[in-house]
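Based on the provided sequences and hints, a complete structural model is requested.
Protein chains: 2
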Amino acid sequence: MTKPAPRRITIVDVARHAQVSTTAVSKVLRNAYGASPAMRIKVQQAIAELGYRPSAAARGLRGQTYTVGVMLPDMRNLFFADLLDGITAQLSGTDYQVLLAPGCNGEKAEARVMEAMIDRSMDGLVLIAPVSSKARLNTVARSVPTVVVGRHGPSTTYDTVTDDDVIGATLVVEHLADLGHRRIAHIEHQETDPVRLAEMPNAQRANGYREAMRARGLADEIDIASTSYTHEGGYLGTKELLARPARPTAIFAGADVVALGAMEAIAEAGLSVPGDISVTGYDNSALAAFGPISLTSVDQDGRQMGANAARLLVDRIGDRDRRTSHVKLTPSLVIRRTTAAPPAS
Amino acid sequence: MTKPAPRRITIVDVARHAQVSTTAVSKVLRNAYGASPAMRIKVQQAIAELGYRPSAAARGLRGQTYTVGVMLPDMRNLFFADLLDGITAQLSGTDYQVLLAPGCNGEKAEARVMEAMIDRSMDGLVLIAPVSSKARLNTVARSVPTVVVGRHGPSTTYDTVTDDDVIGATLVVEHLADLGHRRIAHIEHQETDPVRLAEMPNAQRANGYREAMRARGLADEIDIASTSYTHEGGYLGTKELLARPARPTAIFAGADVVALGAMEAIAEAGLSVPGDISVTGYDNSALAAFGPISLTSVDQDGRQMGANAARLLVDRIGDRDRRTSHVKLTPSLVIRRTTAAPPAS
DNA sequence: GAACGGATGGGTAACGTTGTTCAAACTCTG
DNA sequence: CAGAGTTTGAACAACGTTACCCATCCGTTC
Chain Y
698 MTKPAPRRIT IVDVARHAQV STTAVSKVLR NAYGASPAMR IKVQQAIAEL
748 GYRPSAAARG LRGQTYTVGV MLPDMRNLFF ADLLDGITAQ LSGTDYQVLL
798 APGCNGEKAE ARVMEAMIDR SMDGLVLIAP VSSKARLNTV ARSVPTVVVG
848 RHGPSTTYDT VTDDDVIGAT LVVEHLADLG HRRIAHIEHQ ETDPVRLAEM
898 PNAQRANGYR EAMRARGLAD EIDIASTSYT HEGGYLGTKE LLARPARPTA
948 IFAGADVVAL GAMEAIAEAG LSVPGDISVT GYDNSALAAF GPISLTSVDQ
998 DGRQMGANAA RLLVDRIGDR DRRTSHVKLT PSLVIRRTTA APPAS
Chain V
698 MTKPAPRRIT IVDVARHAQV STTAVSKVLR NAYGASPAMR IKVQQAIAEL
748 GYRPSAAARG LRGQTYTVGV MLPDMRNLFF ADLLDGITAQ LSGTDYQVLL
798 APGCNGEKAE ARVMEAMIDR SMDGLVLIAP VSSKARLNTV ARSVPTVVVG
848 RHGPSTTYDT VTDDDVIGAT LVVEHLADLG HRRIAHIEHQ ETDPVRLAEM
898 PNAQRANGYR EAMRARGLAD EIDIASTSYT HEGGYLGTKE LLARPARPTA
948 IFAGADVVAL GAMEAIAEAG LSVPGDISVT GYDNSALAAF GPISLTSVDQ
998 DGRQMGANAA RLLVDRIGDR DRRTSHVKLT PSLVIRRTTA APPAS
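Same order as they appear, the protein sequences are chains Y and V.
Position 82, counted from 1, in the first sequence is what the working numbering calls 779; the numbers after and before it change by one each time, with no gaps.
Position 9, counted from 1, in the second sequence is what the working numbering calls 706; the numbers after and before it change by one each time, with no gaps.
These are calculated hints, taken from the structure and not from any lab test.
Chain copies aren't distinguished; within one or between two, either way the pair holds.
Below, simulated DSS-like cross-link-like pairs (lysine-lysine); rule was C-alpha separation at most 30 angstroms, straight line: (1) K724 with K805; (2) K739 with K805; (3) K805 with K1025; (4) K831 with K1025.
What you are looking at is a predicted structure, and each value in this text was computed from that prediction instead of being measured.
Given below as structure tokens:
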């Protein structure tokens, strides 16, 4: 029953079994030039018979490992699951295996993970909403093909995939203004670092909100609570907004979880959604779609973003010197039951 | 700006810089026997000065890769995030890096992922609620240290960590019976394979339910809808239960998402929770705790399970021949607002 | 003072794969 | 049918690390 594992089959075993050189087997494995159809068949048969699988560790020492690493900041954000689905779907036909590192919150953890992936000679990296400094991202991208998702600002060393957060914020403001709202508040994720202030999606959403408000002649109504993109951030931000002299009739939360926190604070204050206050989220995560919640939210199409990231990464692995591409997708608004016309009053 | 990445620092560079042999450097890296304190310091200094990091690929060819792989069936189940937190927390002081493979639903995908991890010479595997055949699990465990989480049934080749699902189900039934319920129905995840029927948590929960009902003299009231552990499964299962002649006054859903589906179906039927029907979930995921939902659920303490799994794995990596351990944790019931006494009628 | 033994450090051969080089065996062309 | 090119497959040297073994060196013991 508990017999020790038999020695692993290596390329040498295959070569001997097929009566060819190891070089030949290697060529067949990689679809490389210089192997006749007859030899291909012979080798493939030997591989199948012996159940051979190449060792990625050994491969990594010379060539590729056929592994791409994905770094994401938060396992609990369901939007990232969509992204991941997009990545794996795009890669499913290929030989690449996706591996992710869990829990990379903060610059230090990110650095550790990126180094770990490089040390394991991964062929490419997808970095999702990284907070690391631009210098570090460039350093990483210089040593391994990299695609950065969800961070604005062009780069000459890595490709990017983003959602147009300014448009997303505009969609929300337009929708609420069309319903008749004027006092539309926003809960943002606080940002102090100047580079991130320009590049992170949360900052772009806040900018989009301000611009759209001005465009609708609501510049005087701009009202922002600066907390964080968490459930708690939404709760606290909303309490803050409700305590201000002119209470908002609509709250644009920067993320779905934030909107849920907001709804909790609103309920606690004895107010109703959307009767007294309309609420919108961002991300259109599974949470937003869930019946009893039914949150109006901005849909980013994570699958599409993920698929794009994977495509760009494979392209770059193929040619490291090609010019960088920057894909920007357009979000759409999904209207559900948390937004309505403001109370008559 | 876009200068090509400089050649990577290797152990040879460190050895030259510290004026010692590569063997010596290797010994220091691994805390191996045969290096004097003086040499340790000299080498560590050289490592720091050059910023050297060992190549995991090269290491894997001879020794360890300091990588453990985690396989989980569903990124969207938040309970697994807790598990993962437990694993990473336990491993955070060590040199091990955790990598996970996404989306392993079904036997084929599981097989692919497990092979991929073995091919990458990972030092150990944590398999979370795998559905693969026992024979395959044994094969995997024979070639790499393995801990299986959330699957009952002892093994002599791998360690296991489980939650006592029978107790969990009993807690639910007792709670509902104490409230005065007699018609307590259960929604289970359908299982046909005989081995899995004995080993999978869902089957154990159904068994626990039946036993507990009998123990309370409610054998005649046992009522099961057999669907799946999904939102849809909960919805359809509940519609089925509501259509039966004797409508249940309480529904024990096998998982939190199932309970949400159930609540949707109940609302659609014009009934209220817990006024007309009480509902309980299982897992105590973040979803259950969320205010507006506030679902009574069984808490498995995923962090603790994860920490145990990681500890067992490290122990087994240290000694592959030690006898297998099987840790079984006891769940607890978290009572919230979806359970109450049955309607008077 | 010779023989012994533990502590320390180095030499060397793997580990399993791939890129390069090279020779042999073919296939054309004039 | 000779010469030139074009396939085809093999030999071999990396890649960066670790396991194993051996050579010192020094202090102890008889």
